[in-house]
Amino acid sequence: MAQATKKPIRWHIAVFLAPAVLIYTAIMIIPLFSTLQLAMYSDVENSQVYVGLQNFRALFGDPQWSDQFWNALKNNTWFFIVHMIVQNPIGILLAALLSSPRLRMRSFYRTAIFIPTILSFVIAGFAWKLILSPLWGVAPNLLDMVGLKSLFQPWLGKEAYALTTLALISVWQFVGIPMMLIYAALLSIPDELLEAAECDGITGMSQFWKVKLPLILPAIGIISILTFVGNFNAFDLIYATQGALAGPDFSTDILGTFMFRTFFGFQLQLGDPNLGAAIATAMFVIILIGVSIYLFGIQRRLRRYQF
Amino acid sequence: MMKSTKLALLAATMLGASGVAMAQDAELTIESWRNDDLTIWQEKLIPAFEAKNPGIKVKFAPSAPTEYNAVLNSKLDAGTAGDLITCRPFDASLSLYQKGHLSAIQDLENMANFSDVAKAAWSTDDGAETFCVPMASVIHGFIYNADAFEELGIEPPKTNEEFFAVLEKIKEDGTYIPMAMGAKDQWEAATMGYTNIGPNYWKGEEGRLALISGEQKLTDDQWVEPFRQLAAWAPYLGDGYEAQAYPDSQNLFTLGRAAIFPAGSWEISIFNDQADFKLGAFAPPVQNAGDECYISDHTDIGIGMNAKTENAEAARTFLNWVGSAEFASLYANSLPGFFSLSSETVEMEDPLAQEFVSWRENCKSTIRPAHQIISRGTPNLWNEMWNVSANVLRGAQSPEDGAKQLQDGLAGWYEPQQ
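If you read the protein sequences in the order shown, they are chains A and B.
If you count the first sequence from 1, you need to add 111 to reach this note's numbering.
If you count the second sequence from 1, you need to add 31 to reach this note's numbering.
Everything labelled a hint here was simulated from the structure, so no lab data went into it.
These figures come from a predicted structure and were not determined experimentally.
Check before you lean on any hint, since a few could be wrong.
Claimed, not checked - No farther apart than 30 Å at their CA atoms in a straight line, the calculated lysine-lysine pairs in the DSSO-like style are these:
(1) B/Lys395 to B/Lys234
(2) B/Lys395 to B/Lys309
(3) B/Lys395 to B/Lys248
(4) B/Lys234 to B/Lys150
(5) B/Lys200 to A/Lys260
(6) A/Lys269 to A/Lys185
(7) A/Lys269 to B/Lys202
(8) B/Lys202 to A/Lys260
(9) B/Lys202 to A/Lys240
(10) B/Lys106 to B/Lys130
(11) B/Lys106 to B/Lys75
(12) B/Lys90 to B/Lys106
(13) B/Lys234 to B/Lys189
(14) B/Lys309 to B/Lys200
(15) A/Lys269 to B/Lys435
(16) B/Lys75 to B/Lys90
(17) A/Lys185 to B/Lys202
(18) B/Lys200 to A/Lys269
(19) B/Lys150 to B/Lys90
Stated by the list, open to error - Far from chain A, by Cβ distances over 10 Å, these chain B residues were calculated:
(20) Asp122
(21) Asn141
(22) Lys202
(23) Glu203
(24) Lys215
(25) Gln318
(26) Ala338
(27) Met379
(28) Trp413
Glycine is no exception: its CB is placed at the ideal position from the N, C-alpha and C atoms.
Kindly produce the complete structure, drawing on both the sequences and the hints.
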């Protein structure tokens with residue numbers, strides 16, 4: 112009976128983990144490391160040669176590339192800032208309104224606001240291109256009806272406005288996600304807590320600021336980091352509306368479009384997969400740094416409440 | 032590691048494709064960006080070939096024009112590309128040849144039907160090897176609404192002065208937008224703007240070759256002046272032309288709201304279908320009456336053979352047929368606006384196409400200046416030209432600044448210009 116004390120190998124753990132680990136390795140981890148590897152090589156007379164960090168030196172040292180890179184990073188940062196100051200506050204506001212007990216037709220609003228999120232970028236981009244078109248769009252006519260025609264500009268064609276316009280289109284499309292997450296967080300606040308607050312005389316707006324907001328802060332943190340990752344990986348919307356050259360005059364060029372143009376080439380510019388992979392690696396590092404700052408700097412300090 | 036993942040990918044795609052090529056028939060697949068031409072290939076060109084060559088089946092498999100280069104390169108690298116490859120002119124195809132993706136085909140019998148100029152776009156720099164059969168060129172000019180011109184009592188302009196007088200007159204009348212062009216998609220400004228009117232200033236081939244040899248600079252007056260002309264177009268374009276895309280411009284014109292369309296001849300078949308008014312065309316205006324005229328007659332499409340094809344013999348048979356007079360006539364007539372590069376005379380029925388091709392008799396032909404050799408480095412001259420042309424058209428950059436930016440970029444890597 113001595114053998115009974117020896118623990119049997121728990122095969123079932125490996126078996127249950129295997130599918131996820133294998134699939135994740137095949138479609139995420141291997142490509143990630145292949146990309147890092149690709150960035151260290153260069154095409155010399157049609158064969159791949161290891162060149163160390165030369166691609167990164169070109170990317171950050173050669174003004175032909177570094178100017179484009181910093182321009183893309185700057186635009187990308189602005190794209191992110193617009194999301195943070197427009198999308199997330201509006202998402203919180205909508206969630207607060209939706210959770211108000213006196214609101215009627217709640218599920219209708221919820222669905223209507225969430226629907227754009229499930230649309231393809233191409234559809235959203237194309238629809239907005241038409242709406243804002245100076246020729247056939249409804250935007251000039253709508254502004255005309257309220258007597259503000261003079262405010263209309265060909266927004267997507269002006270350097271000063273194009274990027275902000277695109278960021279706002281993206282906000283319109285994705286505002287449903289923060290709304291849903293925060294709505295769920297708000298619903299999970301127990302009624303006893305709110306009743307207790309009411310007994311203490313905290314109602315209405317101050318109840319939101321003093322009781323609900325601190326309780327949904329972790330959800331807001333998660334949304335911020337999702338926005339960050341999503342924005343620095345963004346590509347589709349810009350490509351669908353402005354094309355790979357991200358006009359006018361590269362004012363809407365973000366890291367994703369810059370990477371695409373470099374990796375696959377564009378018109379007479381031949382693709383350079385190695386330099387493209389270097390840009391992809393830089394994007395990966397930027398996102399990694401951002402996520403780490405959030406994880407170690409912010410998330411650990413967030414106070415959580417047990418109910 | 033990379034190799035094994037590639038192999039896995041390859042195996043996955045092959046599993047999907049196996050079972051197609053079972054019969055003894057050789058099946059050829061054509062890679063192309065001309066998805067607009069799908070029906071013409073399926074209904075006219077391929078049946079004509081198959082009737083003559085029983086035992087060879089041909090499939091036309093196009094992808095979207097803007098994605099073609101990227102898609103094709105990935106497919107060639109993975110070994111899944113079709114047997115026949117539609118060739119972009121110059122460096123894009125040359126690099127495919129140098130990487131061993133395309134076969135040399137200068138020994139095909141019917142290659143004798145093409146002049147050296149026609150073959151230049153798909154030959155090595157020394158002209159010794161050719162890797163694609165030239166199919167067609169496109170000519171630039173202006174297409175106009177002939178009914179509108181008649182209504183307003185204006186004649187197609189010949190000189191620059193007349194051209195602006197015409198624009199001014201249409202603008203004053205107010206019924207039509209004088210010219211349909213936008214800056215949003217950028218390539219229109221470069222292709223249908225700068226390189227459309229430019230050859231009259233830089234004297235076609237003379238200027239283009241001088242640029243390649245380093246004798247002229249992009250900041251020289253003959254290269255800056257077309258930008259100044261382009262900037263002067265702005266007041267005659269539609270409201271909000273900054274955000275007007277290429278399909279917007281096409282629709283403006285075919286709906287009869289704009290009078291003039293700076294065009295490439297590929298528009299002919301589209302406009303014939305969509306416009307219900309009479310169309311006319313005029314060549315890019317010259318500076319002074321009696322000046323020699325130059326047109327952009329750009330070698331645009333060729334077709335070559337995937338070096339790794341399993342049906343090399345069948346592919347060569349097909350390519351030889353593409354070089355024949357029969358194909359030239361079939362193609363030019365099914366796709367008016369794509370002009371055959373064959374030395375054989377090709378009769379065309381479409382009047383607008385005839386008008387375009389008639390300019391070849393009086394004017395000297397040239398190709399787009401950025402395409403041969405000088406778009407090999409970084410920054411890419413042709414991409415820069417798109418951007419600068421669009422900036423100049425939007426008034427965001429002065430013609431001189433734009434030209435300087437192009438010259439600085441080119442001089443940055445191209446030795447003859449340093």
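Status of the hints after comparison with the structure:
Distance hint between B/Lys395 and B/Lys234 is fulfilled; the C-alpha atoms sit about 9 Å from each other, no more than 30 Å. Proximity of B/Lys395 to B/Lys309 is assessed by CA-CA distance (about 27 Å); at most 30 Å being required, the pair is judged to hold. With a C-alpha separation of about 22 Å, the suggested pair B/Lys395 and B/Lys248 falls inside the 30 Å cut-off, and the hint holds. A threshold of 30 Å between alpha carbons decides the hint, and for B/Lys234 with B/Lys150 the separation of about 22 Å falls inside it, so the pair holds.
For the given pair, B/Lys200 sits about 27 Å from A/Lys260 by alpha-carbon distance, which is consistent with the 30 Å threshold. The straight-line distance between the Cα atoms of A/Lys269 and A/Lys185 is roughly 17 Å, inside the 30 Å bound, and the hint therefore holds. Of the pairs offered as hints, the one joining A/Lys269 and B/Lys202 holds, with about 24 Å between alpha carbons and a cut-off of 30 Å not exceeded. Using a Cα cut-off of 30 Å, the hinted pair B/Lys202 and A/Lys260 holds, with the two alpha carbons roughly 22 Å apart.
Under the criterion of a C-alpha separation no larger than 30 Å, the hint pairing B/Lys202 with A/Lys240 is consistent with the structure, at around 27 Å. Restraint check: the Cα-Cα separation between B/Lys106 and B/Lys130 comes to about 14 Å, which is no more than 30 Å; the hinted pair holds. Of the pairs offered as hints, the one joining B/Lys106 and B/Lys75 holds, with about 27 Å between alpha carbons and a cut-off of 30 Å not exceeded. With a C-alpha separation of about 17 Å, the suggested pairing of B/Lys90 with B/Lys106 holds against the 30 Å cut-off.
Proposed proximity of B/Lys234 and B/Lys189 is supported: the alpha carbons are some 17 Å apart, at most 30 Å. With a C-alpha separation of about 20 Å, the suggested pair B/Lys309 and B/Lys200 falls inside the 30 Å cut-off, and the hint holds. With a C-alpha separation of about 22 Å, the suggested pairing of A/Lys269 with B/Lys435 holds against the 30 Å cut-off. Our distance criterion of 30 Å between C-alpha atoms is met by B/Lys75 and B/Lys90, whose separation comes to about 13 Å.
Restraint check for A/Lys185 and B/Lys202: the C-alpha separation of about 41 Å exceeds 30 Å, so the hint is violated. Our distance criterion of 30 Å between C-alpha atoms is met by B/Lys200 and A/Lys269, whose separation comes to about 28 Å. A distance of roughly 25 Å separates the Cα atoms of B/Lys150 and B/Lys90; the hinted pair therefore holds under the 30 Å criterion. With a least CB separation of 6 Å from chain A, B/Asp122 falls inside the 10 Å interface cut-off, contrary to its annotation.
Every CB of chain A lies more than 10 Å from the CB of B/Asn141, the least distance being 28 Å, so the non-interface label holds. Every CB of chain A is more than 10 Å from the CB of B/Lys202 (nearest about 17 Å), matching its label as outside the interface. No Cβ of chain A comes within 10 Å of the Cβ of B/Glu203; the nearest lies about 21 Å off, and the non-interface call holds. The claim that B/Lys215 lies off the interface is violated: its Cβ sits roughly 5 Å from the closest Cβ of chain A, which falls inside the 10 Å cut-off.
Remark: the non-interface label on B/Gln318 is consistent with the geometry, its nearest Cβ contact in chain A lying 29 Å away (cut-off 10 Å). Every C-beta of chain A lies more than 10 Å from that of B/Ala338, the closest at about 13 Å, which supports listing it as non-interface. The Cβ of B/Met379 sits about 29 Å from the closest Cβ of chain A, beyond the 10 Å cut-off, so the non-interface label holds. A cut-off of 10 Å between C-beta atoms contradicts the statement that B/Trp413 is not in contact with chain A; the least separation is 4 Å.
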